[in-house]
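Listed below, chain by chain, are the residues.
2 protein chains.
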Amino acid sequence: MKETDEFLILKEFFKDLGNQYFDSSGLLIGPGDDAGMFSEKDQELIFSTDVSVSGVHFPKNLDSQAIAYRACAVAASDIAACGGSLKWISISLTLETNEKAWIKGFAQGVIDFVETYKVPVIGGDLAKGKECSVSVGVCGALDSQNFMKRSGAKDSDDVYVTGNLGEAYLGLNLLTDNKKNLSNIEKLWIDKYLKPKLRFEFAQELSNFANSCIDVSDGLIADLNHICEMSSLGASLDSDKIPFSGELEKALTWGDDYELCFTAAASKKEEIDRLTDLFGIKISKSGRIEKEKHVKVLKEGTPVTFEQTGYNHFNE
Amino acid sequence: MKETDEFLILKEFFKDLGNQYFDSSGLLIGPGDDAGMFSEKDQELIFSTDVSVSGVHFPKNLDSQAIAYRACAVAASDIAACGGSLKWISISLTLETNEKAWIKGFAQGVIDFVETYKVPVIGGDLAKGKECSVSVGVCGALDSQNFMKRSGAKDSDDVYVTGNLGEAYLGLNLLTDNKKNLSNIEKLWIDKYLKPKLRFEFAQELSNFANSCIDVSDGLIADLNHICEMSSLGASLDSDKIPFSGELEKALTWGDDYELCFTAAASKKEEIDRLTDLFGIKISKSGRIEKEKHVKVLKEGTPVTFEQTGYNHFNE
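Sequence order for the protein chains is B and L. Residue numbers are given in our numbering: position 51 of the first sequence equals residue 64, and the series is strictly consecutive. Residue numbers are given in our numbering: position 274 of the second sequence equals residue 287, and the series is strictly consecutive.
Rather than coming from a laboratory, the hints here were simulated on the basis of the structure. Here the structure is a predicted model, which is why all the values come from computation and not from measurement. Incorrect hints may appear among the rest.
Because identical chains share one entry, a pair is satisfied inside a single copy or across any pair of copies.
Simulated crosslink set (DSS-like; lysine-lysine; CA at most 25 Å straight-line) [claimed, not checked]:
1) K162 / K28
2) K143 / K113
3) K167 / K312
4) K167 / K298
5) K162 / K54
6) K200 / K28
7) K141 / K263
8) K304 / K54
9) K298 / K312
10) K200 / K295
11) K306 / K28
12) K282 / K263
13) K312 / K73
14) K312 / K192
Kindly generate the complete structure, drawing on both the sequences and the hints.
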């Protein structure tokens, strides 16, 4: 019996991705059946989904291997932000092409991701459409008391940020400008955009000390505002203490960095400093949670204002 | 602080969908955080995802309420096909419009679905794109020994089909022809296309007797072929015993019916007949699993051939 292209593609390119991690992830049945089966009797489970659309979330001409890796990373970043370990991912791909090289590249990007974070693919779906879009589902596990909720911030908490903001924006620009002869730092920026580092172990340890956490996807101001709104509080950021590269405004409002922003009581400062050494991650104390309900950025005590406050898909 | 449209839309239309079913589903944290949290310490979990693209999986002019309901049902059908109970759904929506009425209708379709099957929405994502596409993730629970695998068919199993095939195709045609003054049976066909009935309780009971099961999404021949291929077997269908409406070829090759096709040992016939009465579901014994590795359709012992064997997204 002749099979449809859809199943041929799935069989040829998307079989057994990350199957070596079935046992460590509690995966019992993977792709190929009506559903995948898994088990988690000890911990609670967390699930999140993110969709990446061509021309919106990534440049139209980005190669398919990079599209796949980034779509997986962007989705799985939410598991890190909660303090969970990653169990499995699922991938729904809408394709505008039948081109084998493109599909092979995409599958390779998924392989790169699952091998980096040692997780299996539980399943997925494939459809033809007018534009490429990738919807990734991610499942993680944690003990419920370690879930770092957006709503957990407390008045007077310190606000911390990992890494440097704005680098993904710089990397994206280098990519779209198709710049040649890149310096080492420029290569790092591109890597930051294409392969955001997911700090699972760090965040799991952090979850013992932090009151709230979010990953910086839409820009620090917008994302910290989610914490503030869910916690019925506000925050002030000290522009001199925000770690960034490039322009401050872009660094705070563009997003794409997938660094973590978290809040913790001042009494936890020592423990948090220890995490810097333990995980080799730059952590900057950049602001403070306050009662007044909005997020402000201060430069030497004076508010700084920006034209935009965060990335908005619907502004185009 | 001004928020982005994305979050305003999520807050206005997609808040608290199915929240009344948190407890019964073991959902601990729903939408609004980086991830939703759930727990299942007693049973195993199953997960599947399905993407529905405008103009491919449903007509471009279909109203948004119907798009949403159908996308949820089509995805959740996989949980029924495995023999699971549905725990929660997640929805990634790519929109080509900002129109409030459209979005409100879509949210209403999700509400219709979650209230019909009494499940919560664990989370989702929203993006702007060039075409409407809906990726739905579904999670269910079952005892692992009850998972009806595609690979479970045994030689000489009877092949059964629920309901009538071909009705969704007839309904879809009535919709695309925009036919007025519909008869009662025509209204039922449209309903069959728009709101496939998911037979969760039936399938859970069935899982005690059946060796394999699949939902008929791409047409009986193509879907039974998945069972045969995964089981390293073949099957013959008796065209006079296949329950269908309209033309046989369309009924067997179009799909969209989301009825269940399952196989069971001949010795289980009595138990399966009993399910018909218990659940008021028409069940037809339509064929037999065989050693010879392909699916054939016989009319009075003579093979019937068709131009197409199943729906293929990539044929257009």
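At 25 Å max between alpha carbons, let me know whether K304 reaches K54 within a copy, between copies, both or neither. neither (40 Å within a copy, 39 Å between copies)
When Cα atoms must be at most 25 Å apart, do K141 and K263 count as within-copy, between-copy, both, or neither? The answer is between: 21 Å across copies meets 25 Å, while 35 Å in one copy does not.
Please sort K143 with K113 into within, between, both or neither, judging by C-alpha distance up to 25 Å. Both. Shortest intra-copy (17 Å) and inter-copy (23 Å) distances satisfy the 25 Å Cα cut-off.
Between copies, within a copy, both or neither: which fits K200 and K295 at Cα up to 25 Å? Result: close within a single copy only, 19 Å intra versus 63 Å inter.
At most 25 Å between alpha carbons: which applies to K312 and K192, within, between, both or neither? neither (33 Å within a copy, 65 Å between copies)
Indicate which option fits the pair K282, K263 if close means a Cα-Cα distance not exceeding 25 Å: within, between, both or neither. This pair counts as neither: shortest intra-copy Cα distance 28 Å, inter-copy 68 Å.
Homo-oligomer pair classification [K312, K298; C-alpha up to 25 Å]: within (15 Å within a copy, 76 Å between copies)
For K167 vs K298, is the C-alpha pair at or below 25 Å within one copy, between two copies, both, or neither? within (16 Å within a copy, 63 Å between copies)
Indicate which option fits the pair K312, K73 if close means a Cα-Cα distance not exceeding 25 Å: within, between, both or neither. neither (37 Å within a copy, 51 Å between copies)
Have a look at K167 and K312 and pick one of within, between, both or neither, based on CA distance no larger than 25 Å. For K167 and K312, only the intra-copy Cα distance (23 Å) is at most 25 Å; the inter-copy one is 73 Å.
One pair to classify: K162 and K28, alpha carbons no more than 25 Å apart. Within, between, both, or neither? between (35 Å within a copy, 17 Å between copies)
Given a CA cutoff of 25 Å, do K200 and K28 count as a within-copy pair, a between-copy pair, both, or neither? neither (32 Å within a copy, 41 Å between copies)
Consistency with the previously given hints fails for numbers 6, 8, 12, 13, 14, ordered from lowest to highest.
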